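Protein sequence lines correspond, in order, to chains G and L.
The first sequence runs 1 to 381 under this note's numbering.
The second sequence runs 1 to 381 under this note's numbering.
Treat the hints as calculated values from the structure; they're not laboratory data.
No experiment lies behind these values; they were computed from the predicted model shown.
Incorrect hints may have been included.
One copy or two, either will do: identical chains are not told apart, so a pair holds if it fits within one copy or between any two.
Quick list of in silico lysine to aspartate or glutamate cross-link-like pairs, EDC-like style, CA-CA up to 20 Å [stated by the list, open to error]:
hint, residue 1, residue 2
1, Lys23, Glu49
2, Lys161, Asp184
3, Lys219, Glu108
4, Lys237, Glu108
There are 2 protein chains.
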Amino acid sequence: MIYLDNAATSFPKPSIVAEAVYKQMTEVGGNAGRSSHQGGLQSGRILYETRCAIAELINCKDPLEISFTLNATEGLNTVIQGSISAGDHVVTTSMEHNSVLRPLVEMESRQVTHSIVWGDREGQINPLDMKKAIQPNTRLMIINHCSNVTGTVQPLGELMKIAREHNLLVLLDASQSCGSLPIDVEALQIDFLAAPGHKALLGPQGTGFLYINKKNKIKALKQGGTGSRSEDLHQPKTIPDYYESGTQNIHGLAGLKAGILFVLENGVDHIHAHEKKIMTQLWEGLSVIQGIQLFGPPPDGCRGSVISFRGKNLDVNQMNYALDITCGISARAGLHCAPLAHQTMGTYPEGTIRFSPGPFTTPEEIHLVLAGVNDIMKELG
Amino acid sequence: MIYLDNAATSFPKPSIVAEAVYKQMTEVGGNAGRSSHQGGLQSGRILYETRCAIAELINCKDPLEISFTLNATEGLNTVIQGSISAGDHVVTTSMEHNSVLRPLVEMESRQVTHSIVWGDREGQINPLDMKKAIQPNTRLMIINHCSNVTGTVQPLGELMKIAREHNLLVLLDASQSCGSLPIDVEALQIDFLAAPGHKALLGPQGTGFLYINKKNKIKALKQGGTGSRSEDLHQPKTIPDYYESGTQNIHGLAGLKAGILFVLENGVDHIHAHEKKIMTQLWEGLSVIQGIQLFGPPPDGCRGSVISFRGKNLDVNQMNYALDITCGISARAGLHCAPLAHQTMGTYPEGTIRFSPGPFTTPEEIHLVLAGVNDIMKELG
């Protein structure tokens, strides 16, 4: 099997990830913050060490600004539901995932409106268009750092400058970038960043985090037991307890810690350079196969490890099925939960096939993939 | 180490649980509902099979009525925030966990009020008191099935009858019962049931579920990618997609499936009978140690596997520390995130020490525990 679906979930993970989860599950009995016995304390340490690893990765000064979530979607919902209220307006981009678009549509019922800034055919947002979309009541800007459809990376620095000029809060959706592109929340002065643990951070599914700059107080999505201030019927205001109700995924987070340590040891720059090399091979190889249409930016600039393409006159699902069954290639066809990104590229409603290599993808695998695509195009195209 | 903190998180788990997680993490690349390749399909099957196992356990006819959550707290929040609105009133009990009490206090800001029905000194709710607390605008009854502090089991049948007479929705918090006490949502006509995966279901942390009888349509806590109807900017109404946004904890749920299959194979009745035997040994042994005060109902009736106690004139944290350090016993001291339950018992604000045996606790361990408590009482009491 050749796995090119790292944008859905990374595979394989470094072996230390599953080993760390196994070890935590079989050797440690306890729940973080709930019990002061050895196992409870060790569980608490795992959470703290995972926070520290994330903080190091994104250059956040205080690890307590990191809250754990089930997935990136939960973090995005926390900010969208918790930082704005009736009468507020949000600006965002056409490259967003449904994890941003659907909460925004839902917020219309709470009298929160939004404007969508459309990217060019490669998914790139023009900062001037973003500026024009800002209204007097705009409070929040949501930016998709790296598209899960095209790998397009937005001009963060310029967008942040505009946001600061207009005193907007900024939520960065780093679902497709955290772990494979450098991010510095301090330097960029980002307010909120949501990311999953199971993609480029190479951790288990069921993990994710939300960075909330502590100058921002937003409403938590849930209330419940925190193991702290048990006597208080109000949710404790201390962070990260305020945002973390109920037992956290300590078993999974032990694995996430291992995944992030792998990323830190190898270096984001090194991982990005590897993926860029693979992407260039893939892009160049696909571009010379007759009947293949490529979408999104070419791999020479800064972009994520995602390629969208389709075979002319060929149903994307049929082609994806052939890739899986006849070539053993795992990819994803369709709209990738990002319908407006496909409208931006002109590939709506049929969508594309997406190849998303990861840190373990080899040039030999890409060689086989290109041969497989070539064969399918000859046979079916 | 003798682990008596199963009410915080169960330990050990059956070996198949960590093995199932490890296997899923190392052998299957894919994300359920996101990709149609082999790994994506296998991931989807894991979710469905886990739903089926839960449905069998609680006698729910349609596995799609089961949604996955990060923990029980998320399920409780989903119902509390999503099933009632301004002007509504909720009735609940003094035995609730902060995962019910704190969301209810938060709902006061949305003009939702609540009344707390106090239990007797053993934590038992009198159904007549519950009946008296119902107001014309009462819409939801929340019942703690089994107390995490005293093991008290509420008279579900009688409470359900009252709820039906008053046309109330009923949310059962089965955090301390699901997997160790029989539950039949069909027979009881329960509307909602929330439970964690990492306690008596013997699954990993970061798993939980919410049963929503499909006759009830409530508002989801989050919106986002569901892998379904990608073109629709509104959250799909189909269940369970409507309630499950973003990547689920498939790795963890593979383990939860294994844990529930263990429970089903061994039988809830058998597990309950084992725990009852252990509890009786523990209760009887503690009751003859001088200076030990026991709280909650004696172990002869139907109760959960939790005992609260303290040593006369002895600080509970000091005693718990001695249990951990000198005897290697893992227990939990304090208020157990259930302050009103301690007020009910008369153990507020100092709390108690809680012993919570599990399916793997042996009579030999309890023998050692009793000797340890005896020694500590002699030395410190």
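Kindly indicate which numbered hints from before are broken by the structure, ordering the numbers from low to high. none
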